[in-house]
Structure formats: structure tokens, C-alpha cells
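Trainee: Protein sequence lines correspond, in order, to chains E and F. Under our numbering, think of the first position of the first sequence as 1, with each following residue one higher. Under our numbering, think of the first position of the second sequence as 308, with each following residue one higher.
A hint or two may mislead.
[Said to hold, decoys possible] Coverage of chain E stretches by chain F, computed from C-beta distances (three or more under 8 Å per stretch; other residues unrestricted):
(1) 139 to 145
(2) 176 to 185
(3) 256 to 267
[Unchecked claim] Computed far set for chain F versus chain E, every beta-carbon distance over 12 Å:
(4) Arg327
(5) Gly388
(6) Leu595
Calculated directly from the structure, the hints in this document are not laboratory data. Please read these numbers as outputs of a predicted model, since none were measured by experiment. Each residue gets a CB set at the ideal place from its N, CA and C atoms; glycine is no exception.
There are 2 protein chains.
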Amino acid sequence: MSIVAVGSVAFDTIATPSGRVDSVLGGSATYFALAASYFTEVRMVAVVGEDFAVEHEEVFEKHGIDTRGIERAKGKTFRWGGHYLENLNEAKTDFTELNVFERFQPHIPPEYMDSEFLFLGNINPSLQAAVRQEMEHVRLTGGDTMNFWIQRTRAELIETLKLINVLLINDTEAGMLAGERNLPRAARKVLAMGPQALVVKHGEYGATIFFREGAFGIGRHPFRAPALPIEEVKDPTGAGDSFAGGFMGYIASQGQLNREVLKRALFYGGVMGSFAVERFGTERLQSLTREEIDSRFQVFRELTHLE
Amino acid sequence: MSIVAVGSVAFDTIATPSGRVDSVLGGSATYFALAASYFTEVRMVAVVGEDFAVEHEEVFEKHGIDTRGIERAKGKTFRWGGHYLENLNEAKTDFTELNVFERFQPHIPPEYMDSEFLFLGNINPSLQAAVRQEMEHVRLTGGDTMNFWIQRTRAELIETLKLINVLLINDTEAGMLAGERNLPRAARKVLAMGPQALVVKHGEYGATIFFREGAFGIGRHPFRAPALPIEEVKDPTGAGDSFAGGFMGYIASQGQLNREVLKRALFYGGVMGSFAVERFGTERLQSLTREEIDSRFQVFRELTHLE
């Protein structure tokens, strides 16, 4: 089943201890769409500028990604520059040129309206809410947010959380949103704001999914997917969006919405995140096969599997 | 099979956001011995002062722990005071009175000499090496260390690592010992120093065991045990030593030394660490049943188990 992905398309300039790339295709919707495209049909909603060329378009076309929702605006595409030092968990921003992204108003093409799955990437929560309300046939909405929105537009975010079924954020964001450092207590507070499930990403330590009582079936405990320790992290950019793409893409590919599906999705999220960081930009995500993905899924399973 | 535990016995004064206790029984050998006592016969080697009373002795006796290797010296027992703020991962030391522990020279009673398992708690690496060399029948030695020894007595520690089969340290210590922040690369460097296996503890995210190639059987990948997210961490003191006690105690209780045993031991380590932090000091470790332990082991398994 198809999933609509709303977010940014950008050109990234990235430096890490392993090297440097200039103006490569990036952005949250790009990483998400490429990762999800190995599981299901993806439909993008984003905005690009006049510098978005045929070669960029082709990256999406090769993966069967629907780009009819990518608006071409006058001006330049969103550009971001950043670098990572020894601590690969922390990006230092060198520059942000919002360009056409500054006035981004997501327009959902009529052809997308039958989609049953939706992912709201990290954009202004009011825009997220507007998209969700426009799409009548959605069965499951995943959403992302970040510190900026938690601090600057808290009231709007709280409203939007009522429309999101599964929120995907990291430890720091969960702590900030809940005003509570302890992870399970923070999760309880976030779930009380609306979502039926909360995925907290722990970077190299994997991710945990917490369920609201009774949501997606029964069970008392959260669930954890580990992450494989990786020797060569070339570029962490997009790891979180790739995680979300694997997670949501797998869910959309399944008929049922139950805990077992969400648990497996959590593993697939970790798998796609682990591929993303192996090369710069989206390079690795562009060249995968489903066999490679399922083979790493098995490695992730065995990582914590007792006989 | 019996395990000899060498380390400290102390009286701890601890303050956390959940409360405060004064001069309660603690120390690395104490936490280790209590945790391991649920799995196997434990024999302690430590030193205490004249303030070590019958009531303290009884804590060990109730758990069938052999205390013939606890030396009674003139003076006071090692005392430590510390507190934790919101970040429960980081202890702030208020005072350290080494007292009789300052001149601790481990003496192994002749009755302990047939033990096949040994745990060298966090003491001077030269003392650790001396104990190991004295004990001729040991099949497996586990060891701990800390930043202080890594920085101050690096040469001695490097020698001691050649005598340790399984080293148990945390992320920060692994990074410092290897001079390398990336976890799998750091693990490879540490394993090249001597140990056949390295356990890296990640606090609330569980632990990973790395194997030297061919050690304890075959396999290409490390193994991870998750940790259950805990709502009420009353007192993190002793969590690492309790982890080591569960890990080594389970291994000593098994006849064979293979990867499957070490993997299960990693889960039992996490289980004992999770109990330790639920109450102040050793309170929870004193009152457990094997049924409670195995029930939590099941919860830990299910935490990452896919159908």
C-alpha cells in the first residue's frame, strides 16, 4: 500500500572524519523515500528550486517513487552544510539556506488522496496538521519533529500530536518534549499527548517502541531493536530519516497493524539506518537490494537472539 | 562451581533524587558476591576494619557466601560518599576514605585454591595479576578496571589484561583504554591486548559482548543484551558490579564455556543490574528469589524477541 512522505528535499554539503561531499541530494523526504521504496510505493510531497535537475529527478524515478507532489518553485533548493567531528552523533551546522523551503506549503496531488499511510517529516507542526486533515483515507500517520519546534511552537506541536499515530524522535527530543529525563516516564507523558506509539531512537544503541495501553494489541512492555555496532560510519546524515523510511515502509507493506508488525518494522528501521551511514549522502540507499536488506535484518535478529 | 571474588567491601553514604542512606554495606566485592550468589558458590577476598559488625557478616552468610577470605584489619572499613543529580549515570564523589583498603593485599585462603572461576574487581592491576598467578586451577578469569588505572597504571594494566579472559568495562572506559571512540574498533584493539572476550556496558541501553576470533566457538558478530527501561532508578550504585556478578555467576554455574553460555550470561548480567538499582544499596540484591530472576530474564528476552 502506498505511503505519502512530506518533508524536505535539499542539497547537502557534508564533512566528516571520512571525507567530504558538496551539494549532494539530501533532505528528510529524500532519505525517507529512498529507504521506504524498498518496501512499498512512495509518493513525495516537497518543494525544490530551479537548480533541481533531471539527474536528481532520476534518482527517485529509478526507485519508482512518485514525484508528482514535488513542487518546482522559483529560486534555489534548500541547502544545508554541516560537519561532524569525532562524535558522529552530533552534527555541527555550517550554513542553512532555506531558499524555496522557507515558504513551503505542502500541496497533496489529487492522485495521492487514496493513500492509507502518511509520514510527516520534520516541518512546522501546523503544516503537518494541515496535511493530515486533508487526507481522508489515512489509516496510520507517522511523524517526526525536532528541538526547534518543541521549543518554538510547542502549542501547535501539542495539537499536531493528537493527529499522529506513531511519533519517531530521539532520546534528547523525547526528554525535551516530556520535560522528563527518565525514558519510560517520558514515554508515558508523550503517549498521553496523543500518539498510540512512540519510537525513541538511541543512535548506535538501537531504538525502543512504547505503546499506549491497548494500542495495536495487548502487552505490558516496550520493545527494543538493537543496532549493529558499525566500524565505518562514513556519514551519519539522514540516519534518522532512513530509519523512519524503513519503519514506515515496512508497516505500509503489511496488511495488518499490530504489535508484531510494528516490532519487525523497528528492526527494519534500524537496518535502513545502518545502511544509510555506510556511505556519504544517499549513495548507499540508492544501490541496495531487498536481499541485502533481509540479510542484514537476519544479522540484527541474531544480535540479541538466544537459542 | 565456585567463583572467587576479589574487590572492596565498603560503607557507602549515598544521596539520589529518590532519597539518602548513610553508611550502608557496599563495595564492588559486596555487590558482585550478592548478585553471583543466586547462581553459584561465591568466595570473597577483601579487607574490612573493626567497624565491620556481625550484622554485616550475616548479610553474606544468609547467601551462603564464603567470607574466610575477608581479612579483619586494624582501623576503619573503606568509606565512600557520593550523590547523583538528574543524570543518574554519573556519580559525584563527596568523600573517599580508603582506610584499611589503602594497604589491601589480597590473601587467598588455601580452601579457595580449587576454584575454577575468578573475578578480579576494580583494584590495582598489579594486585589483580598477583591473585591470578597464585590461583592455579582457574579456567576463566573475569576482570574490571576503571579510568584511574587506565590513566595512572597503564603499563601494569596492559600486563594484567594478558591474564584476563573476559574484561567487563563501560563505553567510556573502552574508549579510553583503546584510544578510539568507535565501539567495534575500540573492541578490536582491547581484544588484541589479551582478553578473549570484552563486555562493554552501555548503562540503560544494555551491553555488548565482543569475541576474539575463534574464542569460545565461532561466529562473526558481537552479541547484544538489551536493558529494560526502568521507571524508578532509586540508586545506581553497584549496578556494574551486580551486572558482573550475574554474568560471572551464571557462567560459573554452567559446565561449558561457549558462546551460547556467554550470551545468556550477558542477559543475566543485565537482569541483576536492573534489580540492583531498584532500591538503595544492596537492599534489593539481598531479598531476591531465583524465580524473580528467571522471570525478569524472560522479560529481557521478550524485549527484543520477534515471533
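Trainee: For each hint, tell me whether it holds in the structure or not.
Mentor: Verification of the supplied hints:
no.	hint	result
1	139 to 145	violated (count 0)
2	176 to 185	holds (count 5)
3	256 to 267	holds (count 4)
4	Arg327	19 Å, holds
5	Gly388	24 Å, holds
6	Leu595	20 Å, holds
The structure fails to meet hint 1 from the earlier list, while all remaining hints are met.
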